[in-house]
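Number of protein chains: 4
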Amino acid sequence: MNLVFTEKHTENVGLSIGVTRQLYSGQSEFQLIEVFESEDFGRFLALDGFMMLTEKDEFIYHEMIVHVPMAVHPNPRNILIIGGGDGGAVRELCRYKSVEHIDLVEIDEQVVQVCKEHLPTVASDLDDSRVKIHYEDGLRYIRRFTDYYDLIIVDSTDPFGPGEGLFTKEFYGNCNKALKEDGILSNQHESPFYPLDASAVRQIHKRVITSFPLCRVYQAHIPTYPSGHWLFGFSSKKYHPVKDLDCQKWEELGLKTRYYNTKLHKASFALPTYVEELIREVE
Amino acid sequence: MNLVFTEKHTENVGLSIGVTRQLYSGQSEFQLIEVFESEDFGRFLALDGFMMLTEKDEFIYHEMIVHVPMAVHPNPRNILIIGGGDGGAVRELCRYKSVEHIDLVEIDEQVVQVCKEHLPTVASDLDDSRVKIHYEDGLRYIRRFTDYYDLIIVDSTDPFGPGEGLFTKEFYGNCNKALKEDGILSNQHESPFYPLDASAVRQIHKRVITSFPLCRVYQAHIPTYPSGHWLFGFSSKKYHPVKDLDCQKWEELGLKTRYYNTKLHKASFALPTYVEELIREVE
Amino acid sequence: MNLVFTEKHTENVGLSIGVTRQLYSGQSEFQLIEVFESEDFGRFLALDGFMMLTEKDEFIYHEMIVHVPMAVHPNPRNILIIGGGDGGAVRELCRYKSVEHIDLVEIDEQVVQVCKEHLPTVASDLDDSRVKIHYEDGLRYIRRFTDYYDLIIVDSTDPFGPGEGLFTKEFYGNCNKALKEDGILSNQHESPFYPLDASAVRQIHKRVITSFPLCRVYQAHIPTYPSGHWLFGFSSKKYHPVKDLDCQKWEELGLKTRYYNTKLHKASFALPTYVEELIREVE
Amino acid sequence: MNLVFTEKHTENVGLSIGVTRQLYSGQSEFQLIEVFESEDFGRFLALDGFMMLTEKDEFIYHEMIVHVPMAVHPNPRNILIIGGGDGGAVRELCRYKSVEHIDLVEIDEQVVQVCKEHLPTVASDLDDSRVKIHYEDGLRYIRRFTDYYDLIIVDSTDPFGPGEGLFTKEFYGNCNKALKEDGILSNQHESPFYPLDASAVRQIHKRVITSFPLCRVYQAHIPTYPSGHWLFGFSSKKYHPVKDLDCQKWEELGLKTRYYNTKLHKASFALPTYVEELIREVE
Chain A
1 MNLVFTEKHT ENVGLSIGVT RQLYSGQSEF QLIEVFESED FGRFLALDGF MMLTEKDEFI
61 YHEMIVHVPM AVHPNPRNIL IIGGGDGGAV RELCRYKSVE HIDLVEIDEQ VVQVCKEHLP
121 TVASDLDDSR VKIHYEDGLR YIRRFTDYYD LIIVDSTDPF GPGEGLFTKE FYGNCNKALK
181 EDGILSNQHE SPFYPLDASA VRQIHKRVIT SFPLCRVYQA HIPTYPSGHW LFGFSSKKYH
241 PVKDLDCQKW EELGLKTRYY NTKLHKASFA LPTYVEELIR EVE
Chain B
1 MNLVFTEKHT ENVGLSIGVT RQLYSGQSEF QLIEVFESED FGRFLALDGF MMLTEKDEFI
61 YHEMIVHVPM AVHPNPRNIL IIGGGDGGAV RELCRYKSVE HIDLVEIDEQ VVQVCKEHLP
121 TVASDLDDSR VKIHYEDGLR YIRRFTDYYD LIIVDSTDPF GPGEGLFTKE FYGNCNKALK
181 EDGILSNQHE SPFYPLDASA VRQIHKRVIT SFPLCRVYQA HIPTYPSGHW LFGFSSKKYH
241 PVKDLDCQKW EELGLKTRYY NTKLHKASFA LPTYVEELIR EVE
Chain C
1 MNLVFTEKHT ENVGLSIGVT RQLYSGQSEF QLIEVFESED FGRFLALDGF MMLTEKDEFI
61 YHEMIVHVPM AVHPNPRNIL IIGGGDGGAV RELCRYKSVE HIDLVEIDEQ VVQVCKEHLP
121 TVASDLDDSR VKIHYEDGLR YIRRFTDYYD LIIVDSTDPF GPGEGLFTKE FYGNCNKALK
181 EDGILSNQHE SPFYPLDASA VRQIHKRVIT SFPLCRVYQA HIPTYPSGHW LFGFSSKKYH
241 PVKDLDCQKW EELGLKTRYY NTKLHKASFA LPTYVEELIR EVE
Chain D
1 MNLVFTEKHT ENVGLSIGVT RQLYSGQSEF QLIEVFESED FGRFLALDGF MMLTEKDEFI
61 YHEMIVHVPM AVHPNPRNIL IIGGGDGGAV RELCRYKSVE HIDLVEIDEQ VVQVCKEHLP
121 TVASDLDDSR VKIHYEDGLR YIRRFTDYYD LIIVDSTDPF GPGEGLFTKE FYGNCNKALK
181 EDGILSNQHE SPFYPLDASA VRQIHKRVIT SFPLCRVYQA HIPTYPSGHW LFGFSSKKYH
241 PVKDLDCQKW EELGLKTRYY NTKLHKASFA LPTYVEELIR EVE
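Residue numbers (UniProt numbering), protein chains in the order written: chain A, 1 to 283; chain B, 1 to 283; chain C, 1 to 283; chain D, 1 to 283.
There may be inaccurate statements among the hints.
No copy labels: a pair is met if it fits in one copy or bridges any two.
[Said to hold, decoys possible] Simulated pairs of lysine-lysine, PhoX-like, Cα-Cα distance not exceeding 25 Å:
(1) K180 / K243
(2) K266 / K249
(3) K206 / K263
(4) K169 / K8
(5) K266 / K206
(6) K116 / K243
(7) K256 / K180
(8) K249 / K206
(9) K177 / K132
(10) K256 / K116
(11) K180 / K238
(12) K180 / K263
(13) K238 / K169
(14) K97 / K256
(15) K238 / K263
(16) K132 / K243
(17) K263 / K243
Rather than coming from a laboratory, the hints here were simulated on the basis of the structure.
Working from the sequences, and respecting the hints, build out all of it.
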């Protein structure tokens, strides 16, 4: 294969993927948006050169950021997604009949357009009648809500570039305020392995723990993300991510998942010792 | 960095690592042995172009292949390692005072020599008085033992090249025979993600389940292995990997680990749905 | 840069070019056609993964394949280009007012369409009224002409794939037949450096010398072609490429060139000893 | 091949060479010295990551920097090489019986040691009795000579790093002073193609023309140097590089060369128009 996309995980480490075609390349107001086609990962989306999702393994990320809080919350009806313009989190949420409304706050309209056109299996439910898309900065959007959402999903890019504001203390404080008294926040939490990513993990955790009484980190295997070891955050005002999980109730929903299951749900909160230590450093 | 080592994960996907120096390159009777130095992973060992271990993340693999069975077996004294000429599994085992004897059966003497010279933090305990190294084919070695070992660790290379025999039905049958009636086998079990690796997972599991009454698969995050998602097998004649784990007893040993802990031990047997399905296909 | 196009020069040697965008990718009846945009070479065209031309250095190839024979022939009016669907050779020819007619025989219509759209500075003169494009196999086209052209330019791809027929003995014989009694043939002649390319040089020369009384090889520096050392053939029934060059006449045309000049014209036929020997092997 | 050496020609363009082994890597007082083994180029030497020579194509560089001035000068007996610690220029010079003495001024003794050990076909004549090696800065060495050498060969690295001083006006002035009244200076003159290299060409030429009455640039095809298009300088107090070439006399020496020949000698001074213009800009 002559054309290769490489994502640098560190200055000298990279994952290289042979590419059959570039399906889209465009500079939006916020970032360079590219969609590629590959034999091994199907189509994939890159923002400013960082892989956001691939058709082959996006199910892992989206199932884990959505079903973990959804299986804990007893009655999640009104949901906010910040970021997530690709539609993957929306798709997983729309599988729940109990969900009444989803606000999707995506700063970059072009991301949504591109995903609708080139990643239809991910963006499949963006036109669901329960979904309302707001093209707006999440940091600003969140300020105006109090005691409003059952669940907030922060499906952001990395803590630099357009997503930067979503990693501030102010942002998490406002998320808390916008959540109902039994609300839950789930967020992508970077990777513990490479030093720069690990420092992002510390930074996010440090900020989120000042805003929520209960904060836990859980993990998943995502092959196309740096190191393949990815973390998520579960923060809540009331519910415990494992003790308040009602396995039977979730299983009765009959949702077919490919990565998530309730045993894994519980297991995903058991972290390797070095990751535990990384997080405890800032507690 | 001008010099880059790339391991192909599939024909068109590769992990590339900038290399500061090649410390060793030699063709043994069995394989090409190379040791490199890198900024991100410290030194690393490659056999026939496949990364076997790096100083930075080898602790994950070696802790998981050793401590999981060691924490379950109530009294593991006589242990066999097949493969593992780098000494990483030996090092972890030697931390247990209760271990009386370790037979290390490594087909390639040159691997042991090279690791002793260039990877001293991994090979550190190969000269421990309890360790006896046999430079021999593991498949042949195992045939002559009956009811002899408490624990067998199959720390092999991939199921092609010199390690091929360690993936046969005959081999696992002989492992069963060589184990005492409460013996445990742990083995590296490849990765579930890329199709070729996944077919190796199926093949190993298919063969091991015909030889042991209890076979479970557990997982870890190993950044430098293909997809970062790696599996291990736990097979036994008697003990269950989770129910028979005595957490308190293991914790009282006071072993400082960086990846393994008893909560993670239990969690590592909860697999993603797609991995469960992969394994069940052959059960 | 995340996206890199690599052309393999041998199995283990490649030239890698960072790519800002893929402008076109399409599989024609004959080959994979791609156009890329790069910072260093501007846009470039690749056929089946081999770079055919870049905006930055195509002038070298096209000036050398066109002006060398044009400066020797005293009155070239009726010209045939075989291959060359990109339009670069046409563009150089159209600068001569004396040229009355150009037949361009390109097997792949899609190449012409793509170059017109994405490489306008190369394809600029394909719509010149003197140019007639025939979408046809050059090998077949040439058979029906006798004593007809003043100059034939064989601007072919490499001697495998759709261009294969243009490297046969039959083809060169028919070129001779199609040329007038003072006609000239110029052709791209591959590179003398890498062994596989060098064997192509030998093969072409071996075939062309059986068809023409005078065959000379000349060279140029083309950075994006394998080794940067590229050869061309000058074959004729009558004119000598150096002795029959009328420098003054050509200079009086006032054509502004960036690579070609009459001193270089003469010099380009002085070959390195190892190239001389390569060619003489088959004479 | 898993191990690849890449030399960046620009920020986004690189030549990649599969490497079978690294034979040497050491940081000297001046630079990182590496020797690699490859299938396509045999062994090759890199200084600070830049390829200095390969066994496969070093003959081109060394023949052209040595035989061009040697074939023009009627009686070159006392010769100075500045740089050239690999021994390639010495080897070519030692083939001339008329040469009585060669001073080799190499700043980095470790380069000489490494080349003697790992590149014996290049360093073959460094122990010739006519050769005296001075481990010293060429810029300083040259200051103390007046009217002393017949030929000075500046076989330097690129105009940054330890070789920097060899690209100053002062240096060329001192070379002029150190040469006899019919002395010749030949020097490596970088590549005209990529913009940064082209600006080095201009800079060198600008400095050398202020020190010598006659300065000409000549070219060669060197596949492993950036763009494959490499320039050399011929500067003299008296002799013209073409008019004063006595072809017959040189041919009678019976030296077997692989790139150089007297026809090519003359031809190599005919430059592409864009290179002519590049040089004339500073004249």
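Homo-oligomer pair classification [K116, K256; C-alpha up to 25 Å]: within (23 Å within a copy, 50 Å between copies)
Alpha-carbon proximity between K116 and K243, which holds within one copy, between copies, both or neither at 25 Å: neither (38 Å within a copy, 48 Å between copies)
Within, between, both or neither: K266, K249 at alpha-carbon 25 Å: This pair counts as both: shortest intra-copy Cα distance 15 Å, inter-copy 23 Å.
Alpha-carbon proximity between K180 and K263, which holds within one copy, between copies, both or neither at 25 Å: neither (28 Å within a copy, 32 Å between copies)
Same-copy or cross-copy closeness of K132 to K243 [CA-CA at most 25 Å]: neither (32 Å within a copy, 48 Å between copies)
25 Å Cα threshold - placement of K169 relative to K238: within (20 Å within a copy, 52 Å between copies)
Alpha-carbon proximity context of K256 and K180, limit 25 Å: For K256 and K180, neither the intra-copy (29 Å) nor the inter-copy (42 Å) Cα distance is at most 25 Å.
Alpha-carbon proximity between K180 and K243, which holds within one copy, between copies, both or neither at 25 Å: Only inside one copy: K180 and K243 sit 20 Å apart there, 39 Å across copies, limit 25 Å.
Up to 25 Å CA-CA - K206 versus K249, copy category: neither (33 Å within a copy, 34 Å between copies)
Within, between, both or neither: K169, K8 at alpha-carbon 25 Å: neither (28 Å within a copy, 41 Å between copies)
Copy assignment of K263 with K243, given that the CA separation must stay at most 25 Å: both (13 Å within a copy, 15 Å between copies)
Homo-oligomer pair classification [K132, K177; C-alpha up to 25 Å]: within (21 Å within a copy, 63 Å between copies)
Consistency with the previously given hints fails for numbers 4, 6, 7, 8, 12 and 16, ordered from lowest to highest.
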